[in-house]
Amino acid sequence: MFLRIEKGSSVAISRQIADQIATLCASGTMKPGEQLPSVRELARDLAVNQNTILRVYERLCGEGLLEMRHGQGTFATGRVSKTRTAAHRARLVDELRQIARQATGLGLTTDELHELLTEAVDSIPTAEALPAGRGQTS
Amino acid sequence: MNELAIDVQAVHKSFRSTQVLRGVTLQVSRGKTFAFLGRNAAGKTTLIRSLLGLLTRDDGAIRVLGIDPQREPLELRRRIGYLAEDQTMYGWMRVEEIVCFVAPFYPTWDHALAAKYLSDFELPLRTRVKHLSKGQNVRLGLVLALSHRPELVILDDPALGLDPIMRKQFNRDLINHLQGEGRTVFYSSHLLYEVEPVADEIAILDQGRILRQADTESLRRDVKQIVLSRAALNRAHNQLKILDERIDGDHAAVTIENFERAQSVLGREGIEHRVVDLNLDEIFEAYVAGSRRKSPDAVAQPELQPLI
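So the protein lines, in turn, are chains A and B.
According to our numbering, the first sequence is numbered sequentially starting from 1450.
According to our numbering, the second sequence is numbered sequentially starting from 1122.
Hints listed in this document are in silico derivations from the structure and should not be mistaken for laboratory results.
The reader is advised that the hints may include incorrect statements.
[To be verified] Below are the DSS-like pairs computed for lysine-lysine, each with C-alpha atoms no more than 30 Å apart in a straight line:
1. K1289/B <-> K1255/B
2. K1237/B <-> K1255/B
3. K1531/A <-> K1480/A
4. K1251/B <-> K1237/B
5. K1289/B <-> K1237/B
6. K1456/A <-> K1480/A
7. K1456/A <-> K1237/B
8. K1289/B <-> K1456/A
9. K1456/A <-> K1255/B
10. K1251/B <-> K1289/B
11. K1456/A <-> K1531/A
12. K1456/A <-> K1362/B
Use the sequences and the hints to build the structure in full.
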């Protein structure tokens, strides 16, 4: 599991980790039933406080994305979190607004922006062309 | 057993006419990693030296592991590991010699652990201390501070002089060797983004006062920047806990504490606003700026080192 922590970000470290794990689950990179690293391992790997990792795992378990099996470890469930999807969608809409504002600032017309967006969508490889979960993970 | 590893109550300390600590109060629970942050000359080193009994306080109370450092400094120092900011070691000793020299002072010294740290930190055993680089010097200081497996580790700006890779390695060591074993760590730093991943709790010290003590996540949830119109700010001003404010034409950006309350105030008043998440550096800056606005007379004074 590859995670990347951005130091000095305005996003709390626990949220960075939670969001990235959720993305890995949603994109299928993390398959249902797959085991996550132990709290201790991930803490060492990322150089992040163990309590922080534990809280992230607990939160994602609460959302149903992960489950802790007693004495075995933490596993992906394959379920999607409704609250998380909604939050993700809200963030995306927000980003689109910012993009629209930037495009207007650059003097692009609405049609030109539509065209660019269509191109961007077209450039995404289809599911058959790519093994599940690769590519658009963030 | 006392649940607090460190308990500091209203501690004052002046050097001649310079007030360095002006009523510092903070508590560190056992097993926690506690970072306290301050600019240069905020009083960090003075506080640390008071905790160790290296300085006598003018007023207030201190208990470290249940001990008053002023009354039983030697007993206390056996049980804690300490790394000074400007750790001076005998320059003529070789690395392996200084380790052997320090070991007998501590009944709980663990030679195997010392050897492991020496190799983890890639320290040259045969080199004389005076020939070590700054980073190597810090690492040697850490070996000497940690090898007796202390209950409490006090580090005065340990990341100072370490390169980014060593800092990450240092954080990892903190997590594996100290947090993993349930030890209490109290350390000072001025690099917020370095302490965030590691610290359970932080305190912000400025001009000899603790401006805020909190865990980093609550701090981030509680302190936000709000962008709104200047007229709206005037309306809500008294109901917000403002740390710092900037005005630009008709707009105002205010950094506030107690975000949840602020949001309900703004909602009730029907004030349109935008919320900006802040990083820890920005939060720190807002607290320091806010405290200076409240006490403009207390401009930063240089921290005088006592002559001992």
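Results of checking the hints against the structure:
In summary, the hint linking K1289/B to K1255/B is supported, as the alpha carbons are separated by about 17 Å, within the 30 Å threshold. Restraint check for K1237/B and K1255/B: satisfied, since their Cα atoms lie roughly 20 Å apart, inside the 30 Å limit. The hinted pair formed by K1531/A and K1480/A meets the criterion: a straight-line CA distance of about 18 Å does not exceed 30 Å. With a CA separation close to 22 Å, the supplied pair K1251/B and K1237/B stays within the 30 Å bound.
At roughly 18 Å between alpha-carbon atoms, K1289/B and K1237/B fall within 30 Å of each other, so this suggested pair holds. Distance check on the hinted pair: K1456/A and K1480/A sit about 28 Å apart at the alpha-carbon level, within 30 Å; holds. In summary, the hint linking K1456/A to K1237/B is supported, as the alpha carbons are separated by about 29 Å, within the 30 Å threshold. For the suggested pair K1289/B and K1456/A, the alpha carbons sit about 11 Å apart, so the restraint of at most 30 Å is met.
Restraint check: the Cα-Cα separation between K1456/A and K1255/B comes to about 24 Å, which is no more than 30 Å; the hinted pair holds. Restraint check for K1251/B and K1289/B: the C-alpha separation of about 25 Å stays at or below 30 Å, so the hint holds. Taking the CA atoms of K1456/A and K1531/A, the gap is near 28 Å; set against the 30 Å cutoff, the hint holds. Straight-line distance between C-alpha atoms of K1456/A and K1362/B comes to about 27 Å, which keeps the hinted pair within the 30 Å bound.
Figure legend: structure checked against the earlier numbered hints; every hint is met.
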